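> Protein chains in written order, with the working numbering: chain A, 1 to 460; chain B, 1 to 459.
It should be emphasised that the hints constitute simulated quantities derived from the structure, not laboratory data.
Every value quoted in this text rests on a predicted model; they were computed, and no experiment measured them.
Virtual Cβ for every residue (Gly too), placed ideally from N, Cα, C.
Honestly, I wouldn't trust all of these hints.
[Said to hold, decoys possible] A short list of chain B residues far from chain A (calculated; beta carbon distances all over 10 Å):
#	residue
1	17
2	88
3	114
4	235
5	381
6	382
7	389
8	406
9	425
10	426
11	430
12	432
13	441
[Said to hold, decoys possible] Rough simulated footprint, nothing fancy, chain B against chain A, three-plus residues with beta-carbon under 8 Å:
#	stretch
14	64-71
15	430-443
[As the list claims (entries may be wrong)] Derived lysine-lysine pairs resembling DSS-like cross-links, with alpha carbons at most 27 Å apart:
#	chain 1	residue 1	chain 2	residue 2
16	B	363	B	448
17	B	229	A	370
18	B	405	B	425
19	B	161	B	229
20	B	459	B	405
21	A	243	B	438
22	B	360	A	367
23	A	249	B	459
24	A	288	A	342
25	B	229	B	241
26	B	343	B	360
27	B	229	A	438
28	A	438	B	241
29	B	459	A	370
30	B	363	A	370
31	B	448	B	425
32	A	249	B	431
33	A	367	B	278
34	A	248	B	425
35	B	424	A	249
36	B	237	A	370
37	B	424	B	448
The primary structure of each chain is shown beneath.
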Amino acid sequence: MGRSVVQVLLYSQTPVWDAPWRSNPVAGSSGSGFVIDGERVMTNAHVVSWAKQIVLRRFQDPRPWQAQVEHISHECDLAILKVTEPGFFEGLDPLPIGELPKVRSTVVTCGYPSGGEQISYTSGVVSRIELQNYVHIGNKAFLSVQTDAAINPGNSGGPVFQDEKVVGVAFMGIPGLENTGFFIPPAVINHFLEDISDGRNDGFPKAGVRIVSLQNPAFRRYLGLNPTGDGARIDSLTDYAQKTGLLKKDDVVLEVDGSRVGSDGTILLDGNRVYCTAVLQSAQKGQKLKMKLWRDRKEIEVDVPMDIHVEDANTGNIYDSLPRYFVYAGLVFTPLTLDYVKTFGRNWRSVANLEMVYELYYQRNEKPEKVRPEPIVLAATMAHPVNADLRLANRAMIDEINGRRIESLDDVIEAFKDNAKNQHMIKFASGTVECLDKAGSDSANAEILSTYGIPADRRL
Amino acid sequence: MQESIVRFDVTRNNHNFRVPWDKRAQSISKLGAVIAGNEVLTTAQGLANHTLVRLQKGGRGRWFNGQVKWVDFQANLAVVGVSDEIFWNNLTPIQFAEADELRDNLQVVRWRAGNIERRAAEFSRFTVADANFNQAPRIELKASSEIEGAGRGELMVSGTKVVGLVASKSGSTCSVIPAPFITAALKLRADGNYRGLGYFDFVWQPASNPATTEYFELNGPARGVLVIKTSTRPGVKSPLKLHDIILEVDGFPIDIQGDYLDPDYGHVIMEYLACRNKWAGDLVKLKVWRDGKTREIDYTLPKADFTDNLVTDRPEGAEPTYLIAGGLVFVPLSAEYLSSWGKDWQRSAPFRLVFYNNQKPEKAQRSLVVLSLVLPDFYNIGYQERNAQNLVLDKANGLQIDTLKSLANALNSPEEGFHVFEFKKGSALQKIILDAEKLDAANQRIAKRYRIAQFQKLK
Numbered sequence: 001m002g003r004s005v006v007q008v009l010l011y012s013q014t015p016v017w018d019a020p021w022r023s024n025p026v027a028g029s030s031g032s033g034f035v036i037d038g039e040r041v042m043t044n045a046h047v048v049s050w051a052k053q054i055v056l057r058r059f060q061d062p063r064p065w066q067a068q069v070e071h072i073s074h075e076c077d078l079a080i081l082k083v084t085e086p087g088f089f090e091g092l093d094p095l096p097i098g099e100l101p102k103v104r105s106t107v108v109t110c111g112y113p114s115g116g117e118q119i120s121y122t123s124g125v126v127s128r129i130e131l132q133n134y135v136h137i138g139n140k141a142f143l144s145v146q147t148d149a150a151i152n153p154g155n156s157g158g159p160v161f162q163d164e165k166v167v168g169v170a171f172m173g174i175p176g177l178e179n180t181g182f183f184i185p186p187a188v189i190n191h192f193l194e195d196i197s198d199g200r201n202d203g204f205p206k207a208g209v210r211i212v213s214l215q216n217p218a219f220r221r222y223l224g225l226n227p228t229g230d231g232a233r234i235d236s237l238t239d240y241a242q243k244t245g246l247l248k249k250d251d252v253v254l255e256v257d258g259s260r261v262g263s264d265g266t267i268l269l270d271g272n273r274v275y276c277t278a279v280l281q282s283a284q285k286g287q288k289l290k291m292k293l294w295r296d297r298k299e300i301e302v303d304v305p306m307d308i309h310v311e312d313a314n315t316g317n318i319y320d321s322l323p324r325y326f327v328y329a330g331l332v333f334t335p336l337t338l339d340y341v342k343t344f345g346r347n348w349r350s351v352a353n354l355e356m357v358y359e360l361y362y363q364r365n366e367k368p369e370k371v372r373p374e375p376i377v378l379a380a381t382m383a384h385p386v387n388a389d390l391r392l393a394n395r396a397m398i399d400e401i402n403g404r405r406i407e408s409l410d411d412v413i414e415a416f417k418d419n420a421k422n423q424h425m426i427k428f429a430s431g432t433v434e435c436l437d438k439a440g441s442d443s444a445n446a447e448i449l450s451t452y453g454i455p456a457d458r459r460l
Numbered sequence: 001m002q003e004s005i006v007r008f009d010v011t012r013n014n015h016n017f018r019v020p021w022d023k024r025a026q027s028i029s030k031l032g033a034v035i036a037g038n039e040v041l042t043t044a045q046g047l048a049n050h051t052l053v054r055l056q057k058g059g060r061g062r063w064f065n066g067q068v069k070w071v072d073f074q075a076n077l078a079v080v081g082v083s084d085e086i087f088w089n090n091l092t093p094i095q096f097a098e099a100d101e102l103r104d105n106l107q108v109v110r111w112r113a114g115n116i117e118r119r120a121a122e123f124s125r126f127t128v129a130d131a132n133f134n135q136a137p138r139i140e141l142k143a144s145s146e147i148e149g150a151g152r153g154e155l156m157v158s159g160t161k162v163v164g165l166v167a168s169k170s171g172s173t174c175s176v177i178p179a180p181f182i183t184a185a186l187k188l189r190a191d192g193n194y195r196g197l198g199y200f201d202f203v204w205q206p207a208s209n210p211a212t213t214e215y216f217e218l219n220g221p222a223r224g225v226l227v228i229k230t231s232t233r234p235g236v237k238s239p240l241k242l243h244d245i246i247l248e249v250d251g252f253p254i255d256i257q258g259d260y261l262d263p264d265y266g267h268v269i270m271e272y273l274a275c276r277n278k279w280a281g282d283l284v285k286l287k288v289w290r291d292g293k294t295r296e297i298d299y300t301l302p303k304a305d306f307t308d309n310l311v312t313d314r315p316e317g318a319e320p321t322y323l324i325a326g327g328l329v330f331v332p333l334s335a336e337y338l339s340s341w342g343k344d345w346q347r348s349a350p351f352r353l354v355f356y357n358n359q360k361p362e363k364a365q366r367s368l369v370v371l372s373l374v375l376p377d378f379y380n381i382g383y384q385e386r387n388a389q390n391l392v393l394d395k396a397n398g399l400q401i402d403t404l405k406s407l408a409n410a411l412n413s414p415e416e417g418f419h420v421f422e423f424k425k426g427s428a429l430q431k432i433i434l435d436a437e438k439l440d441a442a443n444q445r446i447a448k449r450y451r452i453a454q455f456q457k458l459k
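Go ahead and model the full structure; you've got the sequences and the hints to work with.
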């Protein structure tokens with residue numbers, strides 16, 4: 001089975017989020033992958049993100065093979081690679097995807113971890129099965145299997161075997177924890193494969209509800225339920241779920257897609273208690289999930305449409321998509337994203353101003369009507385006499401430009417274009433005001449771009 | 001100086017606003033200076049919630065009981081009396097320095113191990129103290145000195161005159177409350193006319209960018225500052241308008257950085273003009289640029305009292321208030337509560353709570369009540385996880401909650417046998433239900449188990 005496991009060698013280049021026309025130096029890294037049906041190679045998304053060149057090496061074969069990403073899901077950290085050159089898949093049997101392994105059963109990992117050149121095997125037991133935050137995307141949790149089989153850098157994307165079948169894709173460890181590796185279970189792998197079977201990756205749909213435990217006897221009686229029974233409570237809904245109106249606050253979720261929901265919000269999945277969103281995530285885009293609810297002291301059933309919502313994309317890591325920006329008079333405007341605030345350093349939360357953190361993480365839940373679809377920051381100011389008098393010149397969120405509320409980068413461009421006054425007026429989220437001389441700005445623009453080597457004034 | 005400088009030994013209750021029923025006795029030693037009328041002047045620091053104040057003269061010997069007769073935490077000044085006549089024998093009042101005598105031959109004086117210690121200090125500059133939370137602006141004299149551990153009311157002297165009290169020391173820099181400020185405050189107090197410090201409740205930014213002043217069509221040379229918030233106080237109608245440019249305050253021209261030239265103290269920030277011979281309630285004349293014209297505006301200085309803020313800043317010395325319902329500990333969202341996360345509270349306290357300090361109160365909810373922690377009891381099972389901490393109340397039993405008192409009232413009218421707590425939209429947990437009938441029994445049990453003498457303190 002090791003013959004079908006390949007090494008993935010990558011050269012990648014990431015953008016500089018606060019100087020968005022620039023790129024960081026090219027970096028080399030490696031991972032593992034394995035052959036599945038349809039002459040495809042499966043690996044982790046993080047193994048091939050921001051790829052400039054992907055080379056595959058077969059088991060004990062010195063020849064380098066060039067590969068391309070065919071599908072990639074940064075959400076669930078999986079990718080499919082294609083090799084166009086004929087002959088690569090010769091003698092490599094596609095590996096079948098198996099079932100979720102049992103806790104305490106033995107699994108074997110296989111791949112090309114750092115510390116040597118050759119293929120390496122490790123074995124261990126399945127420690128536990130739970131929802132875990134997937135660090136690649138950073139803001140989503142999916143089902144994940146923990147094992148004490150060693151999973152090291154380079155193992156990423158390699159298969160985890162049980163009984164000659166792939167029962168997982170090794171993908172991460174948690175810093176500070178010893179003897180714990182994590183792999184992506186068959187449910188998530190199969191979801192991805194089914195998703196892309198129509199040629200596109202739609203992602204994981206969401207119901208838009210926050211389900212919390214319902215264990216206080218008084219709360220249960222208040223809702224007319226048995227003080228110690230099953231069912232967890234919908235505590236809040238996203239804006240879109242609220243608008244659909246199918247689910248309501250204080251609905252008690254009794255069953256999701258046939259699985260009984262406990263008072264702590266978990267369901268029983270192959271003998272493991274896992275949080276019920278694991279079932280919600282099993283749906284494909286556009287599917288409906290049957291939910292049995294307790295509402296107004298009656299049991300009802302609703303078909304909940306499961307759709308893709310990317311409203312929180314800017315709170316997760318973004319890959320393979322170069323940052324949008326607009327430069328005017330040396331002022332660099334770019335969307336407020338997690339990737340942008342991470343340029344402040346590891347402790348960005350204590351450096352970023354409060355308005356930014358609020359806009360990124362709280363506004364949507366508290367005042368959805370005020371959310372800016374694409375909040376914009378002044379990332380930097382490329383010094384020039386025309387902008388040298390600005391006191392607030394970077395790391396500031398924009399509220400208005402020339403009286404126009406800025407909700408996207410396009411608004412910035414339009415706001416500078418439509419201005420009858422002799423000055424441009426920028427109002428920051430903090431209330432601070434800065435102005436630019438319009439005529440001077442217009443004439444300095446080209447010079448500033450060339451002085452600082454900015455190839456274009458915008459990327460949209 | 002030895003006949004004028006006395007030692008203090010203060011015992012006070014130090015409160016932990018996150019465990020509001022908990023009192024910890026703390027003892028502080030500091031210094032003070034004898035002033036006319038058999039009184040001792042000291043800083044207000046350390047006097048909040050004092051339980052016993054003792055004074056000692058001559059640096060050794062007997063301690064006398066004192067009474068705090070006057071304290072203003074905003075001004076950082078206090079006056080203490082001693083009723084035992086013997087104490088005043090051989091003590092003489094200090095002489096304060098005038099504004100033009102504050103810079104030369106400075107020395108820090110204190111009692112140390114029974115002897116007078118005098119250490120040289122060198123004048124550096126006058127500054128206006130940084131505002132932490134919503135402190136009124138205060139003029140401070142900065143002087144550097146090698147003296148160790150100062151900042152407890154030592155006297156800064158020049159020859160035989162007192163230049164001020166040392167309020168704090170950071171590195172080698174002493175911050176001194178200057179004598180002219182002290183004498184002005186003491187005089188008003190003697191006349192029964194002390195109204196407390198005022199401050200400017202508007203927010204401005206420097207108008208140093210010429211394009212900005214051109215945008216607002218300011219004629220003439222670069223000067224003034226741009227108003228970007230007309231008032232930080234709730235529901236106040238300010239005589240200022242957004243984007244007024246303040247050109248002069250009480251006749252002093254304001255430069256583009258927001259400084260003015262003070263005849264006594266040199267270039268200092270304009271905030272100090274709220275305190276320069278002015279007190280709460282006094283009028284300040286502002287000259288502003290508005291709509292292409294200059295205008296004179298009368299601005300009345302509000303009292304430096306921040307109890308109206310959304311994040312309330314109660315007078316120092318007030319004991320923490322709280323209400324415990326079934327193990328749920330509710331406290332006001334206050335400056336003290338946030339400060340309980342330490343000096344770095346802006347970064348270490350929960351973000352959402354900190355951000356309220358940037359937000360204005362709404363009419364229906366002028367202040368906020370927080371569920372700060374849950375004392376575990378099976379009565380409140382299901383609410384003991386971390387997501388039930390530091391939630392801000394919206395309603396209780398259908399009533400909008402802005403104070404502990406309104407919460408106590410709401411608890412008098414349960415909804416069909418239940419207490420319904422609703423938290424602000426966006427909270428990690430938005431609803432908690434308690435059994436109303438079993439609440440009293442639960443309160444008794446929890447108070448006993450956690451040894452809490454009182455399960456509510458509303459004032």
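> Indicate, hint by hint, whether the structure satisfies it.
Checked hints:
1. No beta-carbon of chain A comes within 10 Å of the beta-carbon of residue 17 of chain B; the shortest separation is about 22 Å.
2. Distance to chain A confirms residue 88 of chain B as a non-interface residue, since its nearest Cβ pair spans about 52 Å, more than 10 Å.
3. Chain A leaves residue 114 of chain B outside its interface by the beta-carbon criterion, the shortest separation being 46 Å against a cut-off of 10 Å.
4. Here residue 235 of chain B stays apart from chain A, with its beta-carbon at least about 19 Å from theirs, past the 10 Å limit.
5. Some Cβ of chain A comes within 10 Å of the Cβ of residue 381 of chain B; the nearest lies about 6 Å off, and the non-interface call is violated.
6. The beta carbon of residue 382 of chain B sits about 4 Å from the closest Cβ of chain A, which is not more than 10 Å, so the claim that it is off the interface is violated.
7. The beta carbon of residue 389 of chain B sits about 14 Å from the closest Cβ of chain A, which is more than 10 Å, so the claim that it is off the interface holds.
8. The beta carbon of residue 406 of chain B is kept farther than 10 Å from every beta carbon of chain A, the shortest such distance being approximately 22 Å.
9. A Cβ of chain A approaches the Cβ of residue 425 of chain B within 10 Å, the least distance being about 5 Å, so the stated non-interface status is violated.
10. At roughly 4 Å, the least C-beta separation between residue 426 of chain B and chain A is not larger than 10 Å, which violates its mark as non-interface.
11. Not every CB of chain A is more than 10 Å from the CB of residue 430 of chain B (nearest about 5 Å), against its label as outside the interface.
12. Its closest Cβ contact with chain A, about 7 Å, brings residue 432 of chain B to no more than 10 Å, contrary to its assignment away from the interface.
13. At the 10 Å boundary, the C-beta of residue 441 of chain B stays outside the reach of chain A, the nearest C-beta of that chain being 13 Å off.
14. Only residues whose C-beta sits within less than 8 Å of a C-beta in chain B count toward coverage, and the stretch 64-71 of chain A has 0 of them, not enough to reach three; the restraint is violated.
15. Residue count for the stretch 430-443 of chain A with a Cβ under 8 Å from a Cβ of chain B: 7. That meets the three needed, and the coverage hint holds.
16. For the hint pairing residue 363 of chain B with residue 448 of chain B, the CA-to-CA distance comes to about 39 Å; that exceeds 27 Å, so the pair is violated.
17. Distance check on the hinted pair: residue 229 of chain B and residue 370 of chain A sit about 20 Å apart at the alpha-carbon level, within 27 Å; holds.
18. Simply put, residue 405 of chain B and residue 425 of chain B have alpha-carbon atoms about 22 Å apart, close enough for the 27 Å limit, and the pair holds.
19. Proposed proximity of residue 161 of chain B and residue 229 of chain B is contradicted: the alpha carbons are some 42 Å apart, above 27 Å.
20. At roughly 9 Å between alpha-carbon atoms, residue 459 of chain B and residue 405 of chain B fall within 27 Å of each other, so this suggested pair holds.
21. Using a Cα cut-off of 27 Å, the hinted pair residue 243 of chain A and residue 438 of chain B is violated, with the two alpha carbons roughly 38 Å apart.
22. Distance restraint check for residue 360 of chain B and residue 367 of chain A: the Cα-Cα separation of roughly 15 Å lies within the 27 Å cut-off, and the hinted pair is therefore satisfied.
23. Taking the CA atoms of residue 249 of chain A and residue 459 of chain B, the gap is near 35 Å; set against the 27 Å cutoff, the hint is violated.
24. With a C-alpha separation of about 37 Å, the suggested pairing of residue 288 of chain A with residue 342 of chain A is violated against the 27 Å cut-off.
25. For the suggested pair residue 229 of chain B and residue 241 of chain B, the alpha carbons sit about 8 Å apart, so the restraint of at most 27 Å is met.
26. For the hint linking residue 343 of chain B to residue 360 of chain B, the alpha-carbon distance of about 23 Å falls within 27 Å, and the restraint holds.
27. For the proposed pair residue 229 of chain B and residue 438 of chain A, the alpha carbon gap of about 26 Å is at most 27 Å, so the pair holds.
28. Using a Cα cut-off of 27 Å, the hinted pair residue 438 of chain A and residue 241 of chain B holds, with the two alpha carbons roughly 26 Å apart.
29. Of the supplied pair hints, the one linking residue 459 of chain B and residue 370 of chain A is violated, its CA atoms being roughly 37 Å apart against a limit of 27 Å.
30. This hinted pair checks out: residue 363 of chain B and residue 370 of chain A have alpha carbons roughly 20 Å apart, not beyond 27 Å.
31. Proposed proximity of residue 448 of chain B and residue 425 of chain B is contradicted: the alpha carbons are some 34 Å apart, above 27 Å.
32. Between the alpha carbons of residue 249 of chain A and residue 431 of chain B the distance comes to roughly 10 Å, so the proposed pair stays at or under 27 Å and holds.
33. For the given pair, residue 367 of chain A sits about 42 Å from residue 278 of chain B by alpha-carbon distance, which is inconsistent with the 27 Å threshold.
34. Restraint check for residue 248 of chain A and residue 425 of chain B: the C-alpha separation of about 14 Å stays at or below 27 Å, so the hint holds.
35. For the suggested pair residue 424 of chain B and residue 249 of chain A, the alpha carbons sit about 14 Å apart, so the restraint of at most 27 Å is met.
36. Restraint check for residue 237 of chain B and residue 370 of chain A: satisfied, since their Cα atoms lie roughly 25 Å apart, inside the 27 Å limit.
37. The straight-line distance between the Cα atoms of residue 424 of chain B and residue 448 of chain B is roughly 31 Å, outside the 27 Å bound, and the hint therefore fails.
Consistency note: the structure conflicts with the earlier hints numbered 5, 6, 9, 10, 11, 12, 14, 16, 19, 21, 23, 24, 29, 31, 33 and 37.
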